[in-house]
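Undergrad: The lines below spell out each chain.
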Amino acid sequence: MAVVSSNSTVMNNVEAVRATLYEAMKSDDRTLVLGEDVGARGNVFLITKDFINEFGPERVIDTPIAEASIVGIAIGMAMEGLRPIAEIQFADFIYPSFNQIVGEAAKTRYRSNGEYTCPLVIRTPYGGGVRGALSHSVSIEALFYHVPGLKIVAPAFPADVKGLLNASIDDPDPVLFLEHKKTYRLIKGEVPNGHYTIPLGKANVLKEGDQLTVVSYGLYVHWALEAARTVERDGISVEVIDLRSIRPMDKTTILNSVEKTRKLMIIHEDNKFGGIGAEISAMVAEEALFHLDAPIRRLCGPDVPAMGYALPLEEAFMSSPSEMAEAMREMVTF
Amino acid sequence: MATTITMPQLGETVTEGTVAQWLKNIGDTVDKYEDFVEVSTDKVNAGVPSPVTGTIRELLVKEGETVATGTPIAVIEEVGSATAADLPPATEMPAQAAPAQTSRGPSPNGPTASSGAESLEESAMRGASPAVRRLAREHHIDIRTIKGSGANGRITADDVLSAARAPAGPAPIPRPGQTSTYAQPVPGTLVPLTQARRIIAERMVESRHTAPHAWSMVEIDVTDVWSWRLREKDRFEREAGHKLTLLPFFIRAVVESLGAFPLMNSKFVPASGSGQAAIYVNEHVHIGIAIGLPTNLVVPVIKNADQLSIKGIAIAAGELIEKARKGKLGVDELSGGTFTVNNNGANGSWASAPIINAGQAGIVTMEAVVKKLVVRDDDSLVIRRMMNSCLSLDHRVVDGYVASGFLADLKRRLEAMRPQGEL
Amino acid sequence: MASTNTATGTLERHGLSDEQLRAIFRNMLLQRQLDNRGFQLNRQGKVPFALGSEGHEALQSGAAMAFNRGRDILAPYYRDLGLCLGIGLTPYEIMLSIFARAADHNGGRQFPNHYSSKSAGLMSFSSILAAHLPHAVGAAYAIKYRSEAGRAVLATCGDGTTSEGEWHESMNFAAVHKLPFVMLVENNEWAISTPLDKQMAQPEIWKRAEGYGMPGRRFNGFDPIATYAAVKEAMDRARGGGGPTLVEGTCYRYLAHSTDDNDMTYRTREAVDERRRQDPVPVFETKLLEHGIMNAEGVAAMRKDVLRETNEATDAAEALPYPEPADLYIHIYEGAWQPWQS
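Protein chains in written order, with this note's numbering: chain A, 4 to 337; chain B, 2 to 424; chain C, 13 to 354.
What the hints contain is simulated information worked out from the structure, not anything from laboratory work. There's no promise every hint is true.
Coverage of chain B stretches by chain A, computed from C-beta distances (three or more under 8 Å per stretch; other residues unrestricted) [claimed, not checked]:
#1 129 to 140
#2 144 to 155
Taking beta-carbon pairs under 8 Å as the criterion, some of the chain A residues facing chain C (in silico) [as the list claims (entries may be wrong)]:
#3 E61
#4 P67
#5 A71
#6 N102
#7 S115
#8 M286
No residue lacks a Cβ here, since even glycine has one placed at the ideal position from N, Cα and C.
Work out the full structure: start from the sequences and follow the hints.
TA: Here it is in structure tokens:
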């Protein structure tokens, strides 16, 4: 990792996760990591490489292959005062733990009237573009963002990864921490040194503009930014917002932007029907209808079960910066 | 559409010209072929005629300044081509003002075809985005006056905002903080609009934009009617408590002419969700009478005027006028008119081109009664009391044939009125 | 006193004093009384739901005696009224739950019988069978991780729950990591309408222990002393770092699953009545009388006192208010987070 200045270090997303986890383990004995292959193997992306040597097998637990209990056991640890960070190896494997996440973790505080709490982080890599096919490419945020009691974040930049992971670890409630696997090594950026947190529920305006608001997150926020810069050369001014936090979601930033530009497009990799874009569209229609000069548009993944292994199938599923640019042009000239 | 005028080449070898004098200011109207600037070269002084009819938007060169041939010197905003019925701006008596709660909904005598018929402005707004609608309302802009710059000519929110920022003529610069009232306007100040004024403004625009106005006039010999009126007026004023003017006699003739020309008592019904466009012939005759108050017009309605005698009309009119002056007209009294009469003559007006009350087919005036020397067919000269009557008509509903027939009929009836029996 | 010679034979006490035996018996009476009170209130129309534990009194009261209050952790399921009473919950707290009062531990949010008490070490649980077991395992891990000697987690479930995947996952993990964890299965032969032979091919649940690499044993759940012995042995092993144990207590579910169940649609009155002969409450009462640990007057007084305690708790809880409608919105997260953050 290159040190750019004494205040920050350039690293990619996977390095940002690793560095943040390392510091969290070092600074708080209550923190431990559990999941499949996180110990001796150091995680399939090497995020926890060598952690077991430094922190020991009691703190870096290689669990049996049992997703439901990875989360369930972590819940019990959290209820009993530890700060577990559970890992689901790929988001596609999370379904067996759905009850533990939605029925148990999300409701622990609520059903016990605040007597018991669940300060738990569940980390998982999600998203496609890596020839991952049906079981290594899925986006899961829409399945969970519906659930009161859960928090969900999906940072796209290394500095956000660190700040939001720290905030998630500190958070007294269960947080689903989504890491887009394609951005692991693809996205590099400066990460401030030292411990800091970014509050959940705050989006980031990556690029200001006044003709169109584009809201996105994850890998696609990078493509959207690229597309916005492309159309800027033709005088088209697009504002790009990185959600960063899915639940809670930042209403003020979105509404301020829509009131300025009067046009909104939501871009996400996940399937369109019932995706994050649907909730954003409904909220904007409820609260800013009379500022809209064009229908809200959602440029999203097709409503098919998965992206296929064959390259043409994956490419047909994923959107490209040029498709996004074309959509931006259409919206602005409407 | 804006037309840019450039410095003409006034002479074969001339390469430049000087603006000697602007003959028009920004905001002035100019006709096609009317000179709007005087340009001088070393050879000649010449007036330059405007290539279009419109309003001067910008004057780009100062008086005395010399510029090369082809340099833009002015911008003229072209207006739509003038129709035969358009007159140059003259005193226009507004056709109807309405109180705050005038309904835009179904008319009281309307059938289902016309009930709920929205104005053209409303139907234009329906296709507009929420932002456009809101901005248009906030800035009181009729979006039909805006050209859309969006895809397929869509009016965008930016288009509305541009229109709002560029009102007709340069934006007035009042003295800071200075306002005055409509009743006592002070030069250099802003007069805030009352609700009534705002509605009058909207209604005038709507009527003018909706109905193609045509205009006609007749001269009526009211000598005998006048005598009749003089004979009856003292007794009438004693018994009824109101003044007796020529108005009720005129209205009586009007309702009879409307009976003979029912299309004049009708309205144009645009196409809507409930049906095709049509002309609705009103079942009743409700005559609106325009009454000028110091700050605005009101047009109360004499309901079923065709069933009233001249005396009945006079009493009804007298009561309405009294209420109007006291500001006590009810919503019911201000709505439902099918035709309007405007007694314009009090101030000596000889002709006027009134704006039709939206929803009616015509409006007729009484101009001043003037003693004139009239030449009879046998070339004898007589002194008679003459009164012009002007008619603005909705050309969608009636053509000149019906309109002039109506006016001719009205003239005939009035000239045939003789003092006889009861009013 | 290891045993007492009486006409009916030696009483194997496993170290329990007379006082402790009487305490176990009182807990059994209280369990049955409170159980019954729930059904009475339901029939009065005062509460919409009741779920009973008749048949489990010995098993739960005996197990509770093996639980170290203030040290151990309990991860029960919703039929464990007696066990929760036995580890320190009061009848008043039970009635607050039945009446769904605002003062209830759960603020009236949960079904009755879903007890929770941080101070008593009673882990909050949901209605989802076996979902609580990984939590119990995680809590056991925390105890071990923090090297807290003398502490163990007692987790319970019914025979039906042992079919759930998470029962298996929990047993496996507890064994792999040798956790201070005791899995007490209360085998009452019924999972709502599913009898044991439709639930599993191997009817002796304790035998699975070998498959997981942990010790296992079975005991007579109608016998509170045998229960105590088995559970104590397992808990001591866990507290001492010896790892997990599977203990299976056999008993019978005398009532239907709950007020929403009609058990005569899947079993016969005769079959149930036949098993009533083993009803642990009268059986243990007889035993105590026979061995002179209690006399008839004492039993009568105890019953009367249990009724008094039940009545007082009922009245006290009934007089309190429900939660407010606005209470719906609290304790979702720490602080007042909304999904849309302004």
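Undergrad: Hints first: check each against the structure and report whether it holds.
TA: Right, here's what the structure says about each hint:
1. 129 to 140: This one holds; 6 residues, not fewer than the three required, reach chain A with a Cβ under 8 Å.
2. 144 to 155: Result for this restraint: holds, n = 3.
3. E61: Since the shortest Cβ distance to chain C is 6 Å, the answer is holds.
4. P67: Because about 6 Å separates P67/A from the closest Cβ in chain C, which is inside the 8 Å limit, the hint holds.
5. A71: Holds: closest Cβ of chain C sits about 5 Å from A71/A, inside 8 Å.
6. N102: holds (6 Å)
7. S115: holds (4 Å)
8. M286: It holds, given that the least Cβ distance between M286/A and chain C is near 6 Å, below 8 Å.
When each numbered hint is compared with the structure, no violation occurs for any of them.
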